[in-house]
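Peer 1: Reconstruct the complex from the two isolated chains, following the hints.
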Amino acid sequence: MIRYILLETRIAVRPGVWIVPGLLVVLRLSGLIQPEGWLAPLEIVYPVAYPVLAHSLLEHEKRWRTLEVLVTAPRCLASVLLVRFLVMALPLLVAVAAAARPEHWVLVLAPGIVLGAVALLVSLLWEEEIGLAVALAWWSVSFAVSMTGFRVLDHAVASRFLLILLRSSLTPEAILLRKWAQLGVGILLLASCVLAADRYPCTHLRR
Amino acid sequence: MIGVEGVGRRFRNVHALDAVTLEIHSGIFGLLGPNGAGKSTLIRILATLLPPTAGTATVYGYDTVADRIAIRRMLGYLPQDYGAYPKLTGQEYLRYVAILKGLPRPRKRIAELLSQFRLVEVAHRRVTSYSGGMLKRLGIAQALLGNPKVLLLDEPTGGLDPEERVRFRELLMSIKRDRVVVLSTHLVEDIAVTCEHLAVLNEGTLRYNDTPEGLIQLYEGKVYEVWVPENRVRETLTAWGNRVLTTRRHAATRTVRILGKVDGGRPVCPTLEDAYLALIRS
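So the sequences go chain by chain: H and L. Residue numbers for the first sequence follow this note's numbering, beginning at 2 and rising by one. Residue numbers for the second sequence follow this note's numbering, beginning at 21 and rising by one.
Everything labelled a hint here was simulated from the structure, so no lab data went into it. Hints should not be assumed to be uniformly reliable.
[As the list claims (entries may be wrong)] Taking lysine-lysine and the DSSO-like style, the derived pairs with C-alpha atoms no more than 30 Å apart in a straight line are: (1) L:Lys169 <-> H:Lys63; (2) L:Lys196 <-> L:Lys169; (3) L:Lys107 <-> H:Lys63; (4) L:Lys281 <-> L:Lys242; (5) L:Lys128 <-> L:Lys107; (6) L:Lys128 <-> L:Lys169.
Isolated chain L (complex conformation) (with noise of 0.2 Å):
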């Protein structure tokens, strides 16, 4: 469906995106990466926004650069720094994208993704008086409009708050069918929650392409915690520097999760969340 060979993007000096190879199929892919990973800028490409600057991305076999307007057409996007037009309401703004994606009578359609993200209170007021959370949502509402096949979602619940990001979720599951999804984020929780399949971008480079589990996999027996009092937590982080991955407060001690054996630690079961900050770190 889409088929990413050898892309790479370069900034004058600076390599955004450095030779990734990726087949995405039907159903939602994660693209999991910390900030500056390169996530936006392979999102971008998809997207048709930019050309890349070493080899070629396909979606349903068509070129991102030659076929620009073939992809827009099955296409739906939400940008990482999404914005609306202060001076429209919700709903006119919703009818604006669908005249620019050319859809037939899109009142029904308009009407049914109100109600679906609970924009129907607010429909006809201007989008400035928006929180940060409606606008999100109005701009998940955009993309979808006109059922795309393609849905590319950049950091889509940034500025959700928890009810709305569960909320989110279960609407991107009941959404996958028949089309593919690409989430970027660098939230674990989002993909671990909805992805079949994911891949780690870090600085630009592909770290991991496979399924979560596989991941997880990857880092079995390999992960330790250790209870550590609330008075020695400082100087014991310090000295594991980079092999600390996660810790947790309780009343008067701290769980830290530690990449690798250490004295007085357990093995554990990796989380997703352990398993992709080892693969970042290691």
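One chain only, chain H, in its complex shape (with noise of 0.2 Å):
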């Protein structure tokens, strides 16, 4: 299981991408910086890089011709996917722990997971930037509700829907109940990839 992770990083992370988030522990460790004033930002710029880790795991894929041969092996596509979009979300998970403090990080990693799923789910049941495009137009309009302080984010179920909360007047704990939502949407959604994962070589081949 080791060697396998290992060589899902090989084939999934450049060693590059390590160094933004290696840099944030460092410093933090050390205490030269400290995570005051960011959880705000953070809400608003982390989620966007899951949808894209998302669509630029099944890019490879196509671009490296290497489907065919995955899907014709007995481990199951959707475990095989599932373990590389983790592992290709390690650094972005450690970023964000390097970043936010624990209690916040449900806030800022929510919406990414979820936005995350939505997009692989779409992918492999459609087309990978109908997955994209799904999961970055939400982002969008969570994005411009919270800038222009429509009253839709402090409406209790509409707010239910969108990503980018930290803005509004809900209560700290009706925001941190809708993390936890989102959370637990995205997570539903990344095990039902494993029945979409079933479709994806069908529509692939066909197109």
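Peer 2: Spelled out as structure tokens, the structure:
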């Protein structure tokens, strides 16, 4: 298993992507930086990385022309894709661990996971570009609403569908509840990818 | 071993494969046909990558739709458009595929395959530095990991130089025992040298399914050879049109093989290539 994870890391992660997370960890551990005031910008910027990650995961398989061999191996395609997605997300997880306090991790992580899961699921069912577009559209709406201070943000029901909530007038408890819900939905959607991955080669080869 | 019963596959309004029925037993079975004939579609259906839209296909009694995992456990597959992970070395790539196939302790087998396919010297180089031929050999090596009972090879000799192609055919002959090898190609020579049985596909339909000798016999006495001066080749070929099978250049003349009797032509024994082309054009 360890060898398999190492090979997945060699396949999917460029060593260069560790520079920023590594630097953050070093600076944070040495006490040179403190993550004060970072939470609001992190909540906006950080989640975008996950749909991009999901898109590049499938795009690479297409570009490298490796999907057919991967699918015809007995190991489930979904498990390979999910392991690789997590391996690719590892530098991002380390970055957030260094850049936010533990009690804030879920605030930053949850929208990222749900966006990544949406992008992956839609990509597997239809097309990679559609998956990325749906996830980015959701993020854009949330971003626009949070920036314009539109009343929707303070609406108890409507705010459940928005990803960027720290600027709202919701209570910290309500925000946290929504973020946990986002994380839960994200994990559920990632689990649904197991079923969707079965369809993917068929969709991919038809094009 | 492999049963294909009325298999069809549609992509929107295009019939890539239409009601194909075949039986494939152990040994090397050739799938021959021009580009777009439906060979790769049939191979992909057998490889459990695509479900058929009509009919059923079975491999050792397992259905290609319902029992995909069981089939994948006994399958070695080389796709036509083969690629490997660019950041891995050849050896790492084989190890990765071995893990995906769930092979315990694959080190010895990987070493054997690297040696068999003359990849030992480049085993520790990244696959991005491989030539087309090396990459193809790596592809065949990964297909053979785990000694699969069924080997599906889609255009395996494309990109190989003549020497490698000869070596590949010899290798194929040496591994055919006790397993089913399906070789899809548009190169008649590959089939002529290696296959005991072949099927010819054209425009998604099965045009022939028997031995290569049987296909040749179909056109015995129907192929004629004519010597044509070089300066008259163009007009002659235009006049005979679709009946022209092959031409071969000599010093100042060409020999042209024609389907059907022509003035000045002499009957010749058809080759497999003649018979295949005649079948496709008829």
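Peer 1: All the hints need checking, so say for each whether the structure fits it.
Peer 2: Each hint tested on the structure:
Restraint check for Lys169 (chain L) and Lys63 (chain H): the C-alpha separation of about 28 Å stays at or below 30 Å, so the hint holds. Proposed proximity of Lys196 (chain L) and Lys169 (chain L) is supported: the alpha carbons are some 10 Å apart, at most 30 Å. For the suggested pair Lys107 (chain L) and Lys63 (chain H), the alpha carbons sit about 15 Å apart, so the restraint of at most 30 Å is met. Proposed proximity of Lys281 (chain L) and Lys242 (chain L) is supported: the alpha carbons are some 7 Å apart, at most 30 Å.
Distance hint between Lys128 (chain L) and Lys107 (chain L) is fulfilled; the C-alpha atoms sit about 23 Å from each other, no more than 30 Å. The hinted pair formed by Lys128 (chain L) and Lys169 (chain L) meets the criterion: a straight-line CA distance of about 19 Å does not exceed 30 Å.
Violated hints for the displayed structure: none, as all numbered hints are satisfied.
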